[in-house]
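> Read off the chains here:
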Amino acid sequence: MLIKKPADIKSSEITPRELYLNRRQFMLSTSAAALAFTGVNFANPPAQAQSAGKLANVKKSNFSTSEKLNSLKEITNYNNFYELGTDKEDPAANAKYLTTRPWTVAVEGEVKKAKTYDIEELTKLAPLEERIYRLRCVEAWSMVIPWVGFPLSALVKLAEPTGNAKFIQFVTLHDPKRLPGQKIPTMEWPYVEGLRMDEAMHPLTILSVGLYGEVLPAQNGAPIRLVVPWKYGFKSIKSIVKVRFVDKQPAASWNMMQPQEYGFYSNVNPEVDHPRWTQATERRIGELRRRKTLMFNGYGEQVASLYSGMDLKKFY
Amino acid sequence: MLICLKPLAFIICLIPVAQLAYGYYSDNLTANPIEYITRFTGSWSLIILLASLAVTPLRRLTGWNELIKLRRMIGLFAFFYAALHFSTYMVLDLDFDFAAIAKDIWKRPYITVGFSALVLMIPLAVTSTAGMIRRLGKRWQQVHYLVYPIAMLGVLHFYWLVKADIRRPVQYGSVLALLLGIRLAFRLTPIVKTWRAKGSTPLLPSSAAPRGRKEVGAGTERSA
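Protein chains in written order, with numbering that gives the first Met the number 0: chain A, 0 to 315; chain B, 0 to 223.
Hints listed in this document are in silico derivations from the structure and should not be mistaken for laboratory results.
Here are the simulated distance ranges between beta carbons:
{"#": "1", "chain 1": "B", "residue 1": "Leu179", "chain 2": "A", "residue 2": "Ser65", "range": "54 to 62 Å"}
{"#": "2", "chain 1": "B", "residue 1": "Lys68", "chain 2": "A", "residue 2": "Ala92", "range": "36 to 44 Å"}
{"#": "3", "chain 1": "A", "residue 1": "Ser65", "chain 2": "B", "residue 2": "Asp94", "range": "25 to 33 Å"}
{"#": "4", "chain 1": "B", "residue 1": "Ala82", "chain 2": "A", "residue 2": "Lys291", "range": "27 to 35 Å"}
Please read these numbers as outputs of a predicted model, since none were measured by experiment.
Every residue gets a Cβ at the ideal spot worked out from N, C-alpha and C, and that includes glycine.
In isolation and in its complexed conformation, chain B is listed as follows (with noise of 0.2 Å):
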């Protein structure tokens, strides 16, 4: 299964590249292109973070297990996506003009966001390979907790830019909401089962969950 899965999520990943190559050549990506590929590569860097991010919920409702191997590259297309968006930024729109770069960065929180996200991004997929996931151990986890408050960052920084269309950016950011909540939700169920089953109201929850426990295959996996 796995053989056809990961050359096929690869190349659905490609397909808004190729969108955009067919676009340029057929002179189609509106009278701004520009902007149009700013937008372009801004919106499908969210969408596959978004993405890399279903990934552990859909495993844990499916019992889907190998799922769990696309998530490297759906989060390392997420920073690719990314990395094309800002540079669209700096070598298109900004030709290079670092002092303005520099005080974009500083003067719109909109784009103080959205650099900060990509920043987070770098350790992220420095750190993706598996001999460093092999060095870094549990601190691997840790570290990839970091894709939580990027995909916020993220969400935060396409609200922060719309003129007045608030639709997509809610859209992800609901997206959002729901992945992170179905982690919540699979973090307390055993602490809730494990409270019923003392009858009594805990006090010391931590004692009662500890965490990562038991979880499928857990010696190839990170649950991030």
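Chain A with its partners taken away, still in its complex shape (with noise of 0.2 Å):
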């Protein structure tokens, strides 16, 4: 039995981005004008409007991998994001229901300067830098994806953390109108995830807003999300309310559910298996065969200091 390779050309791609999307526009307001000419009141703007945006000002940067990007239609359609439901084409089928303005995100705990963002004051926090970085999921497959955020650094320092802060927990927006898949109790919610000091101050950690240049869409983690390229993704929380300085080490949803499968730390570590699979290998997706998983996702380089001493065996 053949697989069939990905076509090579996809439609989105034959047509310029911008035509495509245009194209989008014109028919949302033609359907508008004509619902305008029968009566119907539309005045709520079209599920698209929200995502569709492009983000001005975008660095490139040194960190980003100069491998071969995942398409947005594979990174948009293939998604773990149990809130907007556990399948993989889920939570693009459900990414209408978590609109993601007006959002706020508070930073609290252990910080001399508390406060609660507009994510669009957030947006603007630091630089907006274009980030290319391999993400490998614990399902021992993977992806490139040229993220768009800013280091967590920048956060970090606003908040001025008080030598009490030695870790941070992260919160997911707990809304079950918005995140329908919180009204089903496969985990608990809302999710949260943590990291230690170092991790977040570490510069290749981010706090994404956006994707491929654009808007973040809902089910990738919009309007905010961590990114660890070094962890498994799960470790890399979405749609983010709370950044919660604290002392001691967090509580983080898998690891919570399963600790003997997923450790508070999750780096990617080809030699730690989980129980049920291995993680020596990963599908790239897009290609057929598996491929090594490299010690801390390639990045071993930039992260295997924070970590020097620590046996990964028992830390895993």
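Hints are included, so try docking the two chains, each in its own frame, into the full complex.
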């Protein structure tokens, strides 16, 4: 049996993206006009309007990989975001529920400058950079994704952590209306994750607000999410509403649920298998054959020193 | 009736294959087609296996005896999808890396039970021909009781592999429990009736309820 390789040319690539979007806009405006003509009030903006939007002044970054990018279609239609459904295609289908304006992120806990930021303010906190990172899911697949964001350290510095701040806990929005997957007790909601302070301050760690130069789509964790490229994907928590500085290792959702399968650190490590499957290899989305998984997802040069002296088989 | 029933069931059982073929040609098997095909064929194997186990209870509850003639075909389709499922894993996922496959089967309990279920299905498929049924006689029935542990292993395989959302494996497990429960009820009813008729506690229920008695069309059917 043969597996068809992805078509060389995707329809979205044949048509220039602007034209493609204009066409959508055209269709939307004509349908809006048609509705207006029939006297129906078209007050609610169409769902697409929310995610469409180019991010201005995005700088390139030396941290980006030059590997072949996964397509926007792959990145936005194959997601693990249980709050929008547990099947891979569910988050794209349910993305419409997650409205991302207004949105605030509360920075609190062991900090001198606790503050609730509006999302617009956060997006302008630091210069936006494109960071093309490998993403390695704990389920042994991977992608190469052009995130747009800024270093988490920029936010941490503004918050001025006290001497007691040893870890940061992140919390996802808890609103079953906007995240309908939360109506099902698959996990304990809201989703929480955490980083050690030095991991949070590492220049590779970013808060992402965009993808492919545009505003982050809901299914990818809009409007703001963490991206920690040397850890399994589930550490990169989505749709964040709280950033809490704490003195002890905070709770993290998968770790709480299955501590023997998902450690707090969850660094990508080909030598420590998931109890139910191997982590030595992975399938890059779009490729047929598995490839070898790299220690720290290939970011060892930058991050290995964070864990020197730690037994990574024990602190997996 | 049967004239159209059998081809109809055959076509229904092929719908998932057609769906896969269509998804393949329309580039619609998600961004990770290998994972998708693996899950898809695995799910259908289980669903069709449960359907094959539903034949006998349905037949007995409705009295529609012709249904029994569909059972072999449905069972073989369950095996067909299980074989597709394993082939996807062996060929597409692991690229004939037999060392990795052997390690998986040995080390990963969910694969151990799934593989066991598949292996146990082989004797059932092999002995499904009319010739084998004749040759094996009463032993055919005993061999085909294997379908119960196979179904349990299949559901367990699914349950052990999901990360957090256990709803689907639990649904399959519930259907299996129901189908086995109905069988148990069929078994117990005549025994209970005999006890009642005798009006006393039975010390030797086995003598009271000979198995497989007076079933409709007992010559051609096997109630597994």
